[in-house]
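All chains, please: the whole structure from these sequences, using the hints.
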Amino acid sequence: MKKIIGIIILLLSLAFIGIIILQVWGITVVSLDNVLKSGYTLLLLGALIVVLIIVYGAFFKSDSSKYNRNIGNNAHPKL
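Take the sequence shown: its letters are residues 1 to 79, numbered as in UniProt numbering.
What the hints contain is simulated information worked out from the structure, not anything from laboratory work. Ideal placement from N, C-alpha and C gives every residue a C-beta, glycine not left out. Among these hints, one or two may not hold up.
Label pairs and their computed distance ranges (CB to CB) [stated by the list, open to error]:
1. Ser13 to Ala47: 16 to 24 Å
2. Leu12 to Tyr56: 46 to 54 Å
3. Leu22 to Ala58: 44 to 52 Å
4. Leu11 to Asp33: 18 to 26 Å
5. Asn34 to Val55: 28 to 36 Å
6. Val50 to Leu22: 27 to 35 Å
7. Val29 to Gly57: 40 to 48 Å
8. Tyr56 to Ile27: 20 to 28 Å
9. Ile20 to Thr41: 18 to 26 Å
10. Asn34 to Ile9: 37 to 45 Å
11. Tyr56 to Trp25: 42 to 50 Å
12. Val50 to Leu14: 20 to 28 Å
13. Ile20 to Phe60: 36 to 44 Å
14. Ile53 to Gln23: 31 to 39 Å
Written as structure tokens, this is what we have:
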């Protein structure tokens, strides 16, 4: 998973640097305004995903039903 995230970040960085280099030469494939708006949108989506993961983990995931607490001090799976 770390490698996939790293590859995605690397590709996005290369694309952003390529757009900046093209801007230096006066070539406009995509305007910088569109790139910034897309970046803000991705950041907001990432923040939303983190919030949803936290809410799911806090309210909807019940690990207590998977373990038998009557056997010893360690959590043992129910058979």
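Hint-by-hint comparison with the structure:
1. Ser13 to Ala47: 16 to 24 Å: holds, 20 Å
2. Leu12 to Tyr56: 46 to 54 Å: Taking Cβ atoms as reference, Leu12 and Tyr56 lie about 27 Å apart, which means the hint is violated.
3. Leu22 to Ala58: 44 to 52 Å: holds, 45 Å
4. Leu11 to Asp33: 18 to 26 Å: Roughly 21 Å apart at Cβ, these two residues keep to the hinted range, so it holds.
5. Asn34 to Val55: 28 to 36 Å: holds, 32 Å
6. Val50 to Leu22: 27 to 35 Å: holds, 33 Å
7. Val29 to Gly57: 40 to 48 Å: Given a distance of about 41 Å, which is inside 40 to 48 Å, the answer is holds.
8. Tyr56 to Ile27: 20 to 28 Å: Taking Cβ atoms as reference, Tyr56 and Ile27 lie about 45 Å apart, which means the hint is violated.
9. Ile20 to Thr41: 18 to 26 Å: About 19 Å separates the Cβ atoms of Ile20 and Thr41, which means 18 to 26 Å holds.
10. Asn34 to Ile9: 37 to 45 Å: 20 Å Cβ-Cβ, so the 37 to 45 Å window is violated.
11. Tyr56 to Trp25: 42 to 50 Å: Holds - the Cβ-Cβ distance for Tyr56 and Trp25, about 47 Å, lies within 42 to 50 Å.
12. Val50 to Leu14: 20 to 28 Å: Taking Cβ atoms as reference, Val50 and Leu14 lie about 25 Å apart, which means the hint holds.
13. Ile20 to Phe60: 36 to 44 Å: Since Ile20 and Phe60 have Cβ atoms about 43 Å apart, the given range 36 to 44 Å holds.
14. Ile53 to Gln23: 31 to 39 Å: holds, 36 Å
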